[in-house]
Amino acid sequence: MWEYTEKVKDHFFNPRNVGEIEDADGTGEVGSLACGDALKLTFKLDDKGKIKDARFKTFGCASAIATSSVLTEIIKGMTLEQAAKVTNKDIADFLGGLPEQKMHCSVMGREALEAAIENYRSGGRRKHHLEGRVVCNCFGVTKKEIERVIRENDLTTVEQVTNYCKAGGGCGGCKGEIEKIIENIQGEKAGKVLETTPRWAGKLTNIQKIQLIQQTINEQIRPALRADGGDIELIDVDVDKVIVALRGMCAQCALANITMRDLVEAKLREFVSGEICVEEAKDAPGEQGDKR
Amino acid sequence: MKTIYFDNNATTKVADEVFEEIKPYFSELYGNPSSMHTFGGQVGIKIREAREKVAALLACDPGEIIFTGCGTESDNAAIKGTLAAYPNKRKVITTRVEHPAVLSVCRDLENHGYTIIELPVDRQGRLNTSQLEEYLDDDTAIVSVMYANNETGVIFPVEKIAELVTGKGVIFHTDAVQAVGKIPLNLSKSNIDLLSLSGHKLHAPKGIGVLYVRKGTRLAPFMLGGHQEGGRRAGTENVPGIIGLGRACELAAKNIEQENKKVRRLRDKLESAILKRCPDCMLNGDKENRLPNTSNISFEYVEGEAILLMLDKFGICASSGSACTSGSLEPSHVLRAMGVPFTAAHGSIRFSLSRYNTDDEIDCTIEKIPGIINRLRELSPFVAK
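Taken in order, these protein sequences are the chains called A and B.
The numbering used here numbers the first residue of the first sequence as -19 and each following residue consecutively.
The numbering used here numbers the first residue of the second sequence as 14 and each following residue consecutively.
Check before you lean on any hint, since a few could be wrong.
Claimed, not checked - Calculated pairs, DMTMM-like style, for lysine to aspartate or glutamate (alpha carbon to alpha carbon, straight line, at most 20 Å): (1) B:Lys275 with B:Asp20; (2) A:Lys(-13) with B:Asp325; (3) B:Lys326 with A:Glu(-14); (4) B:Lys93 with A:Glu199.
As the list claims (entries may be wrong) - Away from chain A, derived, C-beta distances all over 10 Å, residues of chain B: (5) Glu41; (6) Gly44; (7) Gly54; (8) Glu62; (9) Glu86; (10) Ser143; (11) Gly182; (12) Gly244; (13) Asn268; (14) Arg277; (15) Cys291; (16) Gly328; (17) Gly352; (18) Tyr369; (19) Asp372; (20) Asn387.
If you're looking for bench data, these hints aren't it; they were derived computationally from the structure.
Just so it is clear, the structure is predicted and the values come from calculations on it, not from any experiment.
Every residue, glycine too, gets a C-beta built ideally from N, C-alpha and C.
Chain A extracted, bound-state conformation:
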């Protein structure tokens, strides 16, 4: 069902300021066909430096079109200094709110506005370029951009960040990094993982322990690695020493050590025993055959 406000519907069915200004002072283009939405924003200034006209062309869902339309309405009459202060939240609020998973449309509007202002200030030479290091390769989202949506919208979970700027919504490989960015900004507010307490206080027999380790790997660890195109295999258990081999993408991953400590060891300590330490198998047998 359409969970859009009347205002969103109005701007979708009757979009304002559609088109492209021919001799625009500033042009901002963001998004792409592959991403599922894209916006081209153009504006013209009057002699006092205020935005006289703004037009848009948008490919995307109803909320992408509505946010673009309302954005042109918001910025008309503003100076560039005022316009530069418009946040994605302002755009969403103007529409009476957007569904959570559509918030990225409002972020796209703000990005296009920024790109257009940047384009004007550089004398029309500069096009929008990505600033800072790219965290999400699938959707080309930078660390700076992620930090910004977290601050402006007070986000605390990776899922929210994905809803707001798409980062983490493709292969999911950057979710761990997004988590860290959230933690750096939000500190204690970040979606905290519970303190690890061993589920089995009693003494396990060796067979019980090995079974529990295998079960924890299957249920808790493997799904997380699979999301990143990797896999894990249990090689051996020697008292509290668990020997595993990382497979697929994880095998070549530069962050394998972190994966071992923060994921594999942490989960095994949480679900099996606090004494567990994990080692990576040396000379592990090669890749398994064709699986999928």
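With chain A fixed as given, assemble chain B onto it according to the hints.
Structure of chain B alone, referenced to chain A:
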């Protein structure tokens, strides 16, 4: 405003005949079919009749029909029940374009140490089975291939695959949720071991499904409790659902010819008019080997959700494989598996008809669509300037 319903692969209207038939079973004939007394027992007789009607549509034995709660339950039960019956086999073969009721189950099994093989499809959505024979080995417990795809309507060569698979001693399951009632089936002459169907896709109410289990097929019971359904699926029967499904199957058997002719004619009329009147659009899926009611069309440079919302304003109901309709960021896994480019996958619309659609509805839709697409393209930055 009149509703024009072209979303029959999602769910269908309960046929008037079905509704009339099931009404008494709510407040008058509410007895438990397992009871000893005549009041409940008479309901048991009706259930037996319904089972016979379902079996007649599939051309199988009534004893091979297990009533379930929905198509998804049937799919889950078929796969998990087979794996439980063959605990030493650790491999499942399926396709990349299955309904989530099968695909999610398989991908979850993967987390539990099973090997899952997903057969690919080509650009027309046709299944590539060239490697299936190589994959079939002693470790393979079950092969699950849908009869017809819900998004594109493409029909898979299930009978041929069943012959190959069962010839190697492997269990074959098919999710025939979209096929039953649209394609004539004859399970007595088929090698299919397990088949899922769902009532609400063929004008029965929601909440009733069937798992066909060929006689002699080992399947672990999937709901323990009472002795209902031969102990394989315990739980008091959904009496109105079962009786409604029986009647719906009877109607389907009667209407299958009509549906094939009338619905196909309406679908083709809608499809060819859209393809003719709208530039830059294309049909997704094999044009020939397809369900008679389904048409999946991609409109380039526009996004599916926007099209649906515009159609919705005119009371026209369709669905889309676009990412934005699901709240996810990736468009339909079916279209992506077919290699439909992102540019077209985002703007795909599925029209799925039923015998209740009329020429007037088709004409009205044909009239509206070019305007909607043009309007959205005027907004789009990608259309050639």
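Outcome of the hint check:
1. B:Lys275 with B:Asp20: Holds. B:Lys275 to B:Asp20 sits at ~17 Å (cutoff 20 Å).
2. A:Lys(-13) with B:Asp325: holds, 17 Å
3. B:Lys326 with A:Glu(-14): Status holds; Cα separation ~13 Å.
4. B:Lys93 with A:Glu199: holds, 17 Å
5. Glu41: Per Cβ check, B:Glu41 is outside 10 Å of chain A; nearest 35 Å; holds.
6. Gly44: holds, 38 Å
7. Gly54: holds, 43 Å
8. Glu62: holds, 38 Å
9. Glu86: At about 23 Å from chain A, B:Glu86 clears the 10 Å cut-off, so the statement holds.
10. Ser143: holds, 14 Å
11. Gly182: holds, 22 Å
12. Gly244: The assertion about B:Gly244 holds, with a minimum of 30 Å to chain A.
13. Asn268: holds, 31 Å
14. Arg277: holds, 31 Å
15. Cys291: holds, 16 Å
16. Gly328: Non-interface label stands for B:Gly328: nearest chain A Cβ at 14 Å, farther than 10 Å.
17. Gly352: It holds; B:Gly352 is separated from chain A by about 14 Å at its closest Cβ, greater than 10 Å.
18. Tyr369: holds, 22 Å
19. Asp372: holds, 28 Å
20. Asn387: holds, 13 Å
Hint compliance for this structure: every hint is met.
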